[in-house]
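One line per chain: the protein sequences are F and D, in this order. As numbered in the working numbering, residues 1 to 771 make up the first sequence, in order. As numbered in the working numbering, residues 772 to 1542 make up the second sequence, in order.
Please keep in mind that the hints were generated in silico from the structure rather than gathered at the bench. Glycine included, C-beta positions come from ideal geometry on N, C-alpha and C. Don't take every hint at face value.
[Unchecked claim] Simulated DEER-style distance windows between Cβ atoms:
#1 D:D1422 - F:T144: 25 to 33 Å
#2 D:K1181 - F:H616: 45 to 53 Å
#3 D:D1133 - F:A154: 37 to 45 Å
#4 F:D295 - D:K778: 54 to 62 Å
#5 F:A61 - D:G1171: 42 to 50 Å
#6 D:P1464 - F:E681: 52 to 60 Å
Number of protein chains: 2
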Amino acid sequence: MTTQRTKLLEDPELRPFLPLLWVAWSDGDLEQDDLVALRSRVEAMPWLRPAARHALETWLAPDAPPSQREMRTLLDTIHKVSATLSPERRRDLAGLGAELADEGTRRALAELEDALGGGAASELFAHLATAEASRTREAPPKPTAPFDVSALGAWLDGDVKMVRDQARTFLADPEHRAYGLPVPEYRAKVAHWLADLAARGFGQRAYPGITSDEKDLNAFIATFETLAMGDLSLVIRFGVQFGLFGGSIFFLGTEAQRHKWLSQVASLDLPGCFAMSEVGHGSDVQSLETRATWDVVSRTFVLHTPAESARKDWVGGAAQHARMATVFAQLEADGEGHGIHAFLVPIRDAQGKLLEGVRAGDSGHKMGLNGVDNGRLWFDHVRVPEHALLGRFAWMNAEGHYESAIANPKKRFFTMLGTLVGGRISVATASVAAAKVGLAIAVRYASARRQFGPEDGVEMPLLDYPAHQRRLLPRLATTYVLSLAVARLRSNFGQRIRDDEAGDTRELEASAAALKALASWHAVETLRECRQACGGQGYLLVNRLPDLCADVEVFTTFEGDNTVLLQLVAKSLLTGFKKRFESTGVAGIARHLLSKARVAVTEKNLLAVRRTDPEHLRDRAFHLAAFKYREERLLETAAARLRKRLEANRDAHAAMLAVQEHLVALARAHADRLALQWFDESIADCSDAQLVPWLDRIGALHALTRLREEAAFFLAEGYFDAQKEHALRKETTALLGELRQGAVALVDAFGIPDACLAAPIAFMDPAHPRW
Amino acid sequence: MTTQRTKLLEDPELRPFLPLLWVAWSDGDLEQDDLVALRSRVEAMPWLRPAARHALETWLAPDAPPSQREMRTLLDTIHKVSATLSPERRRDLAGLGAELADEGTRRALAELEDALGGGAASELFAHLATAEASRTREAPPKPTAPFDVSALGAWLDGDVKMVRDQARTFLADPEHRAYGLPVPEYRAKVAHWLADLAARGFGQRAYPGITSDEKDLNAFIATFETLAMGDLSLVIRFGVQFGLFGGSIFFLGTEAQRHKWLSQVASLDLPGCFAMSEVGHGSDVQSLETRATWDVVSRTFVLHTPAESARKDWVGGAAQHARMATVFAQLEADGEGHGIHAFLVPIRDAQGKLLEGVRAGDSGHKMGLNGVDNGRLWFDHVRVPEHALLGRFAWMNAEGHYESAIANPKKRFFTMLGTLVGGRISVATASVAAAKVGLAIAVRYASARRQFGPEDGVEMPLLDYPAHQRRLLPRLATTYVLSLAVARLRSNFGQRIRDDEAGDTRELEASAAALKALASWHAVETLRECRQACGGQGYLLVNRLPDLCADVEVFTTFEGDNTVLLQLVAKSLLTGFKKRFESTGVAGIARHLLSKARVAVTEKNLLAVRRTDPEHLRDRAFHLAAFKYREERLLETAAARLRKRLEANRDAHAAMLAVQEHLVALARAHADRLALQWFDESIADCSDAQLVPWLDRIGALHALTRLREEAAFFLAEGYFDAQKEHALRKETTALLGELRQGAVALVDAFGIPDACLAAPIAFMDPAHPRW
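I would like the entire structure built from these sequences, with the hints used as guidance.
Here is the structure:
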């Protein structure tokens, strides 16, 4: 019978039914009853040709399950058939049947699947990918990447490829890596490296029009981002010197101040620091206590630390290296407070001796970033001249009175702080870079490290285990999405610098805050997962993951605590929401929108709610629509809840508190939507046909992972039904199996120099030296 | 009108309606239309007394919203009224109306709430707790705990209070804390501390019947657990010496071997180590490559490292301090392999010099636990005498042939490894202890640290922010749950030692594996959240959180990688499941169960699916039933999916792989259910009436948090509807507001000595020195 049965498979009429047969017997949730039912359904299909019907009946005989050999032939036939399709149509094995069928057959197929029951069928089909994945174990993957790695790398680098390659040259030197050093030696080494970077002219990119011919900060931030694949203490010192310290002069200083100081800053002849946070006030900058009191007689400011809570703290460079500080202080003049302003205050002489009235201390040993000399500063009635005030937005006039270009103090404060948005963008990019390094190490290790396996068989690479794929590959996908999203943010920032007059920067600030929070949390979680996925090896400093974990940890805190940032994002969204409807009047509008939204869902998604076909589930438009729906819903409901509270005479602060969790969720949903949309828009530019399917898979895996994480929301909203939630899981499994084949190539495309990747466990597999 | 209106509130008939009025105006989702509808509903209620009806109508006049002053009076009245209730009935403000009402009024109330629409009403009520929380800002909490902290502490310590207090005495010495030390100095310090512990006799507790009169290991593990609030390098060295090294002799040795070695081990006269993991095989112990070849002529074993992948690695104590190692190796005799056995192998002489044929190296600088000298070992044909084989389960007979008490090699292997379950239990307890320390630091800091606040008002403690409560308090609740669960595990282990003959230890092993994974992941996540919640302060080593994060990180890896452990748990559950139905035959049973389960849900939960009242949501029986349902469902479906695959001729390994994600989820669900059940059973023993409500809240917050995390499952299963999911969120908010009031007292009840808590940020608030 065996030969007969396998021979039947050659009938071209049977092709569309092959996957169905395979899952029915191998992966099925099928009982004998089901097979009987299935077979009688086949018998009752008049439009089936006799040969096909006979073949199906034979293969569905409940009392004659196919042998292992027959199953192998069946699977081989499926693969042969699928090879006749174009790569595009082939990629989705689960839909293979439909792909091969004509209209009539498709109807028959649908009826058969129906007979299996919706849930069972989708369950069965989704396992095909898993079966494929485990099949590769038997035939180990060849050491060739499934696409051109350098083409993907070049596309990712985009318009900053040259700048990145210059930074890579620095990273490719094994001398530029260190670990496990005592703090003083590490700090000295980082200072030495920083001088090297300055000598290479990397700092000059920070001040377009002053120290470089760059037209914006794109090249500077791309440099920062690329360096962030290496030592993170170095990259933070780099950012403090050229970005925060120099940036404060560039953005808050007058033309005269810019020209006076910035070339010294860029060359590192003037090492500086950025003294904003105080121990009593980190997030709440408006409440800083350091005072700068105007003495009209001598035309000087008196900088003073009035209490211990006002000491400047965590100031990178303050403990040892900085000679000047940008100090944020309450400007007081004419007996009146004018709010926070920035002052250039010399703190050490050329020999590194502290100046009179300035006291400095060390912030102490930290979890990570110990190559940065974070310090504390106290000022005891330190006098600085009038021009120490960074005077772009405010100054003391000839008569000795305070004047500002921005009359509203609150607006002035936010304008000044807004100029510092580059710091947040930089942290977002560095987060993504660090996640890339961690994933490169963990994925390469997982593809080489073997453990356990079938009885009496060879051991399996970790990356062939579905549980291991699930730890690493969704995070790899998200890293790609965020990488393209922050690149877009960087270029938006460049645009803003070029169109300096444009004015309203709130959108840029909100997107920077949102992506900074999203990317830094992602980096922290990804690196921890990579650490754990590498087991005991991941715990050793030599394998880089411990330092990466410890260093990025503070990315969630500095340049704005993530939770605080998300609340700012939510407020900005609410303001925008209000504006959208200002003309039509606020009253009643939220309620109107709510009902409208509900209707929209019911109508538009009546089909989508239940669609579970892979085509739909991988459709980027479906993903983005779902992300948008979530953001909009959370925005509308947050607005409604807030408005009610405000109308009921509760003060704004209490109202915001009452909906705080809601606001945080809203801001995250916004960040999610933004990242996905920018990713989608970016990959639409990719014209390389071999890369597109991989970028599509990446986007789909990222989106489905997030949708599954928020499945409770979508289920409760009726946006999904249970079948769909089930199908998302299955489709995710299929995507994991597919992406596993390109995983090493995908991390190699990040272009991390070997000396920088460094971890011995990333170089274990002699078969895959560098693809 | 104002005076009139507030006067109306004094009417006793109105009491049940007060909360409704308050939320209608202050927290409401109400539109004017709603108020109109509400009022006409009131008008149409014949059973309302005229006075009450008038009062309600007045208060619900859409065009006359109450002033802020009136709202304040209304809220004060509610509080006054609630004060007349017993504390038990008072705790749930949201249900206050129902609490105060008689049957008829309750009906009226229900009708009114109905008029608001289900969703809106539940939304409104849930905000009362938030309002309470923000109110405490205005009147800061008094420095008195809401319950007797020492009573709770004593209850938590239970039968090991004396042992714990002895360990606390050690921890209370500031000399027993260190951070930021170079590795050699840190190792020396830890070695010194370890000698101190041995001198205190703590090691002797590890060998009941040999070196102590203890009847089981309860006291030893409680010592370990308590010490884990202090330096974690010390606790790991302590565990390696007395638990792993000594434990291998205690559990795998003959009586003669126990008596020969254990007193030297307990006194630390013989420092040892435990050489199991090899660099090529960590999780897969069965595949270790180190060989112990029997030489029948000399009656010796020849220990040998045949390849670099066979080097022993990460062996605590091997780099420097250990003089003897328990080495796990493949026993070969008569030209045949007998599997993994343990051998006592001297590695250094009394002067610390390596013995001939033994090579040792350092594993290198690690992420944490750098006070432990982890090392590598290679053996070059090292001869050890016959009695080096730990001979409880296997030995060489007089004729020079291998003999074992357990004929089946697989069973022998698992029996030997099973005796080491104490290590996993210890890691679970240490995880909980570390989480307690982190939470104590973060909660105490959050209650003292103020930032932002209402305009022109005082700054608010971080812990009054709902977002901050949500970061810390659910984790505090889970820590309590796990603390009681691991205490139960510890005592089950003790029982097993006492009933040594009992035999089947699989249940204990499975619960140890499940809780080890659950607790170590919980500790890692909790400590990271604590770190982030403390902002920049949390990044400083002086505040302990960085070292805690880095040290516990490896708890997820050693003593069994968590992901691997969960798969073992799942396999054990499947075996049990199979047994349950073995008599009735396997075929068809899963399907039967599935349909039965579905029916059970539909019938039993028809009401529960929609119940959203606080009484139900806080009901421990509801929580446990939901946890059980999830576990059972995942077990049944996993069993069904596996069986189908096995019947379809796929090999077992491939079948397990195909459902790997499912198995991991099942094992986690099992661990969750076990922890909650043991917590429930433990608190049933608490007879202190003032503590019970707090333990109830803790259990409820933990359970609701987990249920919300798995809400997608319950929604998809139809176990919840959307309204219920919504209600879970509201009830969680209410619980957070309530637990916030006892948060500092709850962490103080852990009884962490000040010198051990150590972090300066834990001692910021002069008003709460130690409650």
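Status of each hint after checking the structure:
1. Distance hint check: the CB atoms of D1422 (chain D) and T144 (chain F) are about 29 Å apart, consistent with the given range 25 to 33 Å.
2. Evaluation of the 45 to 53 Å hint for K1181 (chain D) and H616 (chain F) yields a pass: the beta carbon distance comes to about 47 Å.
3. The hinted window of 37 to 45 Å between D1133 (chain D) and A154 (chain F) holds, with their beta carbons roughly 42 Å apart.
4. Between D295 (chain F) and K778 (chain D), the C-beta spacing of about 60 Å keeps the proposed range 54 to 62 Å intact.
5. Between A61 (chain F) and G1171 (chain D) the beta carbons are some 58 Å apart, a value that contradicts the proposed interval 42 to 50 Å.
6. In this structure, P1464 (chain D) and E681 (chain F) meet the distance hint of 52 to 60 Å, their C-beta atoms being roughly 54 Å apart.
When the structure is compared with the earlier hints, a violation turns up for hint 5 alone.
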